[in-house]
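Asks: Hints are included, so try docking the two chains, each in its own frame, into the full complex.
These protein sequence lines map, in sequence, to chains R and L. Going by this note's numbering, the first residue of the first sequence is number 1, and it counts up by one from there. Going by this note's numbering, the first residue of the second sequence is number 1001, and it counts up by one from there.
Any given hint might turn out to be false.
Claimed, not checked - Covered stretches of chain R (in silico footprint by chain L; criterion: 3 or more residues with CB under 8 angstroms from a CB of chain L, positions within the stretch not fixed):
id: 1; segment: 41 to 54
id: 2; segment: 96 to 110
Said to hold, decoys possible - Computed list of lysine-lysine pairs in BS3-like fashion (alpha-carbon distance at most 30 angstroms, straight line):
id: 3; chain 1: L; residue 1: K1042; chain 2: R; residue 2: K71
id: 4; chain 1: L; residue 1: K1042; chain 2: R; residue 2: K62
id: 5; chain 1: L; residue 1: K1042; chain 2: R; residue 2: K78
id: 6; chain 1: R; residue 1: K15; chain 2: L; residue 2: K1042
Unchecked claim - Okay, the calculated beta carbon distance ranges per label pair:
id: 7; chain 1: R; residue 1: E83; chain 2: L; residue 2: S1009; range: 22 to 30 angstroms
id: 8; chain 1: R; residue 1: L113; chain 2: L; residue 2: N1053; range: 47 to 55 angstroms
id: 9; chain 1: R; residue 1: D56; chain 2: L; residue 2: P1112; range: 39 to 47 angstroms
id: 10; chain 1: R; residue 1: D63; chain 2: L; residue 2: V1054; range: 38 to 46 angstroms
FYI, nobody ran anything at the bench for these hints, they're computed from the structure. Backbone N, C-alpha and C define an ideal beta-carbon position, used for all residues, glycine too.
So you can see what is in the structure, the chains are spelled out below.
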Amino acid sequence: EAGVVQSPRYKIIEKKQPVAFWCNPISGHNTLYWYLQNLGQGPELLIRYENEEAVDDSQLPKDRFSAERLKGVDSTLKIQPAELGDSAVYLCASSLVEEGEQYFGPGTRLTVL
Amino acid sequence: GENVEQHPSTLSVQEGDSAVIKCTYSDSASNYFPWYKQELGKRPQLIIDIRSNVGEKKDQRIAVTLNKTAKHFSLHITETQPEDSAVYFCAALGGGSYIPTFGRGTSLIVHP
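Only chain L is shown next, with the shape it has when bound in the complex (with noise of 0.2 angstroms):
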């Protein structure tokens, strides 16, 4: 099946600047790679998502890049903000499966 290794667990980072998140999936098949943001005892929220047929995607201050060769994605947030602050996963489906698997989640602290 998938495995899905997301690096930090934890970042912390002053207001201001950035923030980057890399996920590492195994299944070449995999097409579908959203994002999630998880503020503390709420639920997780999609913030962007790609599919294999693009290489990056940009909303304001969030992006995500995909490497289909290297089999691996990342999460960029510019100019942080303290309401940046949550735990972000990342997740990989697709190919004919729809069993989402997701990273273990990062811990993004931004300091004011």
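With the rest of the complex left out, here is chain R (with noise of 0.2 angstroms):
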């Protein structure tokens, strides 16, 4: 069984560039959570969805962050225009349930110049 995919592994961009992160969980996950995870840190959730709805997006940013899951399977996460303090690792996991196992991807790790 293959696990939650994301893409790209790295980026590295200058501030005020646009930026997006792509997620495939895993095949029959209906929840597909975004975390942000510092270094040093746990990660925070910054978006849930159950199938193509967003249940839980209090922690999203929304005046610079946006996502989106078509099809209820991939999802992306972009950050328009991105600011030095968005560097960190993004985070994609999927669940069965809602409170099932997560199985985290491998992130996506950004760096604003």
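Replies: In structure tokens:
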């Protein structure tokens, strides 16, 4: 069984530029999460999807961040424009059910210069 | 919202010793408590979890205990090995909220 796939693995951009991250969850997993992880800290939830519906997005800075999960499978997280403070690892995770075990992807390490 | 405190932030042990990492949570409605291991530059991976209807759970050298009254749960690793070296995160969620709250992590170093 393939795990959660994320791309790109690394991204370096200049501030004010846009950036997008892609996530392909484990097949059949209805719940998808996007997390932000700063160095030395635990993951912080940005948004949670149940199928194609965003059910928890209170932590998402909506002035610059957006996300979508078309057809309830793959998901894209976008930042526009990026700021220096956005440098972090962006993790995607999926689970079969809402309170089930979460499987994390390898993450995208974003560096904003 | 939920608040999870995790201690210690760093734990250094000799190979073969036991290691204990403790977490406290604030929301008494939380009912699911997973533990994740994250090696340097890799993804977090679930190593054990416990639900609020259980007080203890074991899986080989790893065990988790939960005290609902005191709202704390702990990870116990026995006979530690160098490959146990990693950052360990606890989390809490449930009670109608499916937003997991993670602790800040414990860096475990096992010296050969």
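Asks: Hint by hint, say whether it matches the structure.
Replies: Verification of the supplied hints:
1. 41 to 54: Coverage by chain L holds for the segment 41 to 54 of chain R (6 residues, Cβ < 8 angstroms).
2. 96 to 110: n = 9 at 8 angstroms, threshold three: holds.
3. L/K1042 / R/K71: Holds - the C-alpha atoms of R/K71 and L/K1042 are around 29 angstroms apart, at most 30 angstroms.
4. L/K1042 / R/K62: It holds: about 28 angstroms lies between the C-alpha atoms, which stays within 30 angstroms.
5. L/K1042 / R/K78: holds (22 angstroms)
6. R/K15 / L/K1042: holds (26 angstroms)
7. R/E83 / L/S1009: 22 to 30 angstroms: holds (27 angstroms)
8. R/L113 / L/N1053: 47 to 55 angstroms: holds (49 angstroms)
9. R/D56 / L/P1112: 39 to 47 angstroms: Given a distance of about 43 angstroms, which is inside 39 to 47 angstroms, the answer is holds.
10. R/D63 / L/V1054: 38 to 46 angstroms: holds (43 angstroms)
Of the numbered hints given earlier, the model fails none.
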